[in-house]
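S.K.: Spelled out, the chains give:
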Amino acid sequence: KAGVTQTPRYLIKTRGQQVTLSCSPISGHRSVSWYQQTPGQGLQFLFEYFSETQRNKGNFPGRFSGRQFSNSRSEMNVSTLELGDSALYLCASSLANKGEAFFGQGTRLTVV
Amino acid sequence: AQTVTQSQPEMSVQEAETVTLSCTYDTSESDYYLFWYKQPPSRQMILVIRQEAYKQQNATENRFSVNFQKAAKSFSLKISDSQLGDAAMYFCAYKETSGSRLTFGEGTQLTVNP
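Protein sequences, first through last, are from chains C and E. Heads up, the first sequence is in this note's numbering, so the first residue is 1 and it goes up one at a time. Heads up, the second sequence is in this note's numbering, so the first residue is 113 and it goes up one at a time.
Hints listed in this document are in silico derivations from the structure and should not be mistaken for laboratory results. We put the beta carbon where it would ideally sit given N, CA and C, even for glycine. Take these hints with a grain of salt, some might be off.
To be verified - With the C-beta cut set under 7 Å, the calculated list includes, among others, these residues of chain C facing chain E:
| # | residue |
| --- | --- |
| 1 | S33 |
| 2 | N56 |
| 3 | S94 |
| 4 | F103 |
| 5 | Q105 |
| 6 | G106 |
Between the sequences and the hints, there should be enough to build the whole structure, so can you do that?
M.R.: Printed below as a string of structure tokens:
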């Protein structure tokens, strides 16, 4: 069974640009969550999608948005990039409410 | 809001020895999940062990076991017979029974010395 796949693995963007990150969950998993990981703030929850609906949202500005498609694949978008958006973005999938989340390898975003 | 605290930023252990990583959490819920995740230098988050709050029995996975003290809101991870491959950042995480949102602690960097 394939794991969670995140693309791209690495990205370098310029301040003011926008970026889209993709996450394909484990087959059969309908819940996808996104996290931002930085040395200073640790792991912070961005949002969670279930059956194409945003079910929960963390404390991030509106520049951060996401969506989920009917095949459960999810994308997150960051507009008007700032230097502080440089981070590892992790996607996790899980079987609805049940237990553990499985993570992808992350997308390393660098904003210059 | 739920919070998770890992008070040990760094720990070290000799190969083949035992080490315990600490985690405390705060919640008003009676049922929830707790997890330990491992993040090696590759940055891949790997599930180590899970505990369901309504289960009194401590979870065990091979060399990994937990000491779950619900009243004290404590959830420590014991690694027995430590191996070089256990070196990583370890995160304690909390999840409510509804939804998939995880709340993570700050992490503990574990070094295994040969």
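S.K.: Quick check on the hint: C:S33 CB to chain E CB, less than 7 Å?
M.R.: holds (5 Å)
S.K.: Would the hint on C:Q105 be counted as holding, given a Cβ-Cβ threshold of 7 Å to chain E?
M.R.: holds (5 Å)
S.K.: Was the hint right that C:S94 lines chain E, CB cutoff 7 Å?
M.R.: holds (5 Å)
S.K.: Going by Cβ atoms only, is C:N56 closer than 7 Å to chain E?
M.R.: Holds, about 5 Å.
S.K.: Given C:F103 as an interface hint, is its Cβ closer than 7 Å to any Cβ of chain E?
M.R.: holds (4 Å)
S.K.: Hint validation: C:G106 versus chain E, beta carbon distance must be below 7 Å. Holds or violated?
M.R.: Holds - the Cβ of C:G106 comes within 7 Å of chain E, reaching about 5 Å at its closest.
Violated hints: none; the structure is consistent with every hint.
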